[in-house]
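*Asks:* Could you build the full structure based on these sequences and the hints that come with them?
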Amino acid sequence: MTTVGLGDFGTCHALSAPARSVQVVSGSVSVALYPDTDCAGAHPWATGSLAQANLPWAMRSYRVVPA
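Going by the numbering used here, the sequence shown opens with residue 1, and the numbers climb by one from there.
Treat the hints with caution; some may be incorrect.
If you anchor each label on the Cβ, the simulated ranges turn out as follows [said to hold, decoys possible]:
no., residue 1, residue 2, range
1, Ala42, Thr3, 24 to 30 Å
2, Gly48, Asp8, 16 to 22 Å
3, Gly7, Ala42, 25 to 31 Å
4, Gly48, Arg20, 14 to 20 Å
5, Met1, Trp57, 16 to 22 Å
6, His13, Trp57, 17 to 23 Å
7, Ser26, Asn54, 17 to 23 Å
8, Ser21, Ala67, 18 to 24 Å
9, Ala58, Gly27, 25 to 31 Å
10, Thr2, Gly41, 17 to 23 Å
No lab work stands behind these hints, which were simulated from the structure alone.
Every residue, glycine too, gets a C-beta built ideally from N, C-alpha and C.
*Replies:* Next comes the structure, spelled out in structure tokens:
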């Protein structure tokens, strides 16, 4: 499990290990997850501000965005 800070808007962060699931409990922010490092990849996946899901593929980076 990796815990990420939700206060750093817009900055791309690499995950130390690929993520296969996500849980966001905020109410005001979402997380955009990317299959490649450097927030790259053809199909980013975005959460809602209150979300819990298994991801369709391994994600290697993320960016916090407003909900």
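*Asks:* Hint by hint, which ones does the structure fall short of?
*Replies:* Those not satisfied: there are none.
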